[in-house]
Amino acid sequence: MGLKSPSASDFDHGDLSGLTDNDHTQYVNAVSDTATVNLTLTGQSISADVIAGGTDHGGLGGLADDDHTQYVLHTEVDDTPVDGVTTDPISSNWAFDHEAAADPHTGYRLESADHSHQSTGLQAGQLDHGAALTGLTDDDHTQYLLVAGSRAMTGDLDMGGNDVFNVRNYYPDPGGRLTLTSATPVLVADAADQTTLYYALYKHDLVPLYDGTNWDVFRFTELSIAMAASANWAANSNFDVYVYNDGGTLRLVTGAAWTSDTARNESLTRLNGRWTNTASMTGRYAAASTVTVGANQGLYVGTIRTTASAGTTTMEFGGEALNGDPIRFYVWNAYNRVLTGGVVADTTDTWTYQSTTVRSKNNSTTNRATFVRGLNEDAMTVDAIVRGATSTAADAGIVGIGLDVTNSLNTSARIRSTASVSTIFILIVSYRGYPGLGLHFLQALEACAAAVAAVTFNGDVGVADILTPMAIAGMF
Amino acid sequence: MITAILHAKVSAVAPINGIAIGDKETSLTWRIDFKPEATVDQRLAAQAVMDAFDVAAEEQKLQDAEQAKKDKKASLLSQPNKSVTVQDLIDLGIL
Chain X
152 MGLKSPSASD FDHGDLSGLT DNDHTQYVNA VSDTATVNLT LTGQSISADV IAGGTDHGGL
212 GGLADDDHTQ YVLHTEVDDT PVDGVTTDPI SSNWAFDHEA AADPHTGYRL ESADHSHQST
272 GLQAGQLDHG AALTGLTDDD HTQYLLVAGS RAMTGDLDMG GNDVFNVRNY YPDPGGRLTL
332 TSATPVLVAD AADQTTLYYA LYKHDLVPLY DGTNWDVFRF TELSIAMAAS ANWAANSNFD
392 VYVYNDGGTL RLVTGAAWTS DTARNESLTR LNGRWTNTAS MTGRYAAAST VTVGANQGLY
452 VGTIRTTASA GTTTMEFGGE ALNGDPIRFY VWNAYNRVLT GGVVADTTDT WTYQSTTVRS
512 KNNSTTNRAT FVRGLNEDAM TVDAIVRGAT STAADAGIVG IGLDVTNSLN TSARIRSTAS
572 VSTIFILIVS YRGYPGLGLH FLQALEACAA AVAAVTFNGD VGVADILTPM AIAGMF
Chain S
163 MITAILHAKV SAVAPINGIA IGDKETSLTW RIDFKPEATV DQRLAAQAVM DAFDVAAEEQ
223 KLQDAEQAKK DKKASLLSQP NKSVTVQDLI DLGIL
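Protein sequence lines correspond, in order, to chains X and S. End of the first sequence = 627 in this note's numbering, gap-free, step of one. End of the second sequence = 257 in this note's numbering, gap-free, step of one.
Source of the hints: derived by calculation from the structure; they are not laboratory data. All residues carry an ideal CB built from backbone N, CA and C; glycine is no exception. It is possible that some hints are incorrect.
SDA-like mimics (lysine to any residue), calculated; alpha carbons at most 20 Å apart, straight line [what the hints assert, rightly or not]:
| id | chain 1 | residue 1 | chain 2 | residue 2 |
| --- | --- | --- | --- | --- |
| 1 | S | K186 | X | N558 |
| 2 | S | K232 | X | S573 |
| 3 | S | K197 | X | H280 |
| 4 | S | K186 | X | V612 |
| 5 | S | K186 | S | D203 |
| 6 | S | K171 | S | Q225 |
| 7 | S | K197 | X | N558 |
Taking beta-carbon pairs under 8 Å as the criterion, some of the chain X residues facing chain S (in silico) [as the list claims (entries may be wrong)]:
| id | residue |
| --- | --- |
| 8 | D324 |
| 9 | T503 |
| 10 | N513 |
Modelling step: build the complete structure from the supplied sequences, incorporating the hints.
Okay, structure coming up:
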């Protein structure tokens with residue numbers, strides 16, 4: 152390219168070459184020169200290092216101004232140190248003051264709001280206690296009984312009329328009674344010469360039985376033993392009667408016959424206040440059926456006496472008859488005994504006796520009450536009324552009541568008439584006592600004081616309104 | 163009283179402890195309680211006495227005797243100035 156002649160009007164600096172050369176040393180080379188002086192620009196000064204391109208931010212003015220709005224102000228950050236830093240609490244563990252007493256999170260339920268956990272509505276969402284909670288085996292609710300039984304009741308327990316059963320080591324009196332008529336626990340009239348023994352419901356239908364370790368209470372329906380004519384219940388013998396749990400079947404069983412009228416063969420033991428068989432024994436519940444009853448596992452409920460016929464027992468309340476209608480109470484209950492009474496009245500018109508030897512009233516052993524007792528723990532009472540007449544002042548009538556005897560007067564039950572000529576006497580003689588264990592009888596007795604002349608005794612004298620009975624009462 | 167009379171009659175022929183009249187109308191209910199030493203003959207004799215015992219007749223005798231006593235008593239009471247003899251007392255059953 153040829154050069155134009157220099158003219159100030161058409162010479163453009165930019166058209167020059169070598170523009171990037173450092174030809175003007177009077178100027179500061181912005182790229183490589185180091186400023187040696189300060190420049191003044193519109194009244195402002197620029198430091199030499201700015202000019203040199205190495206700007207120090209700290210050297211800038213207006214540092215306290217909020218020129219950078221994209222940044223969070225330090226003062227707006229929580230001033231509570233959370234990680235031990237006190238000089239500059241701002242860290243990755245920033246903590247912020249949550250707004251108090253406000254509800255900025257409307258997506259959540261407030262604690263103060265309803266927590267009924269209804270199945271519908273805003274509170275919907277029921278919890279399953281067993282699935283949602285832990286610590287279910289903790290004893291957090293001390294107002295409840297523990298099934299382990301380690302918390303004692305502090306008040307009465309009202310069952311609201313409901314039953315309590317399968318209760319262990321709770322042993323109430325058994326609720327039944329031995330009897331000779333089905334569904335008739337208390338006999339008030341003769342049930343003579345019966346061959347079936349029943350254990351009928353009376354007070355209730357529970358019976359406590361021991362299993363060798365614990366007592367359990369069982370509910371029972373009427374139990375019975377059919378004994379008819381079986382030699383296993385020998386005549387004129389005593390048998391103890393038990394209730395036994397035969398593998399879930401409650402049975403009424405008898406033990407072995409007593410060794411005598413008044414001596415047991417198999418002893419009894421009171422366990423927790425209940426009478427049981429002391430040792431293992433054979434329990435008979437049918438003519439040809441027996442079961443082994445472990446020690447203490449038979450609950451003793453009474454004793455029976457067989458009559459002169461095997462497999463037969465009886466309850467007879469006496470009555471009026473020639474020579475006397477005897478009382479025979481051959482069923483005795485260990486529990487729930489009731490006062491049982493009867494009268495023996497001799498309807499013989501009259502009879503005489505002239506001997507000092509004591510004999511049965513009217514020489515009749517049916518002027519008697521015979522009974523069996525399994526335990527000797529309550530008294531018997533007898534009152535006898537005697538009417539008669541003496542024929543001489545040298546003699547008198549004597550009457551009494553004999554326990555198991557016919558030829559001697561009980562020391563506490565005897566009385567003598569006045570000795571007089573042709574005097575009618577009326578005597579009352581009474582017995583109160585404990586006859587003993589097993590079979591016993593109480594017999595009306597009579598004698599003459601001197602046997603000088605016959606003493607006349609009266610039965611009913613052939614008159615409707617005269618009777619001289621012996622009345623007996625006891626717990627059976 | 164009847165019983166005492168029968169007792170006296172029977173005991174006169176056999177050693178007995180007593181007798182019994184179950185029902186005076188039925189002699190089958192009557193009984194004799196012999197002493198052990200009573201022999202067979204005595205027992206038979208005693209039973210014969212009992213079998214022959216007529217209750218009605220004996221009761222009539224008792225009634226008659228009682229009536230005689232009453233009559234005697236009435237007689238004595240009607241004679242206030244009459245002396246009472248031993249026989250009178252016997253008749254009245256006092257002696």
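How the hints compare with the structure:
Restraint check: the Cα-Cα separation between K186 of chain S and N558 of chain X comes to about 28 Å, which exceeds 20 Å; the hinted pair is violated. Between K232 of chain S and S573 of chain X the alpha-carbon distance is near 17 Å, which keeps this suggested pair within the 20 Å criterion. Of the pairs offered as hints, the one joining K197 of chain S and H280 of chain X is violated, with about 97 Å between alpha carbons and a cut-off of 20 Å exceeded. Simply put, K186 of chain S and V612 of chain X have alpha-carbon atoms about 9 Å apart, close enough for the 20 Å limit, and the pair holds.
With a C-alpha separation of about 25 Å, the suggested pair K186 of chain S and D203 of chain S falls outside the 20 Å cut-off, and the hint is violated. Restraint check for K171 of chain S and Q225 of chain S: the C-alpha separation of about 19 Å stays at or below 20 Å, so the hint holds. At roughly 15 Å between alpha-carbon atoms, K197 of chain S and N558 of chain X fall within 20 Å of each other, so this suggested pair holds. Proximity of D324 of chain X to chain S is violated relative to the hint, the smallest CB-CB distance being about 47 Å (cut-off 8 Å).
For T503 of chain X, the shortest C-beta to C-beta distance to chain S is roughly 4 Å, which falls under 8 Å, so the interface hint holds. Contact between N513 of chain X and chain S, as hinted, is supported at the beta carbon level, the nearest pair being about 6 Å apart and thus within 8 Å.
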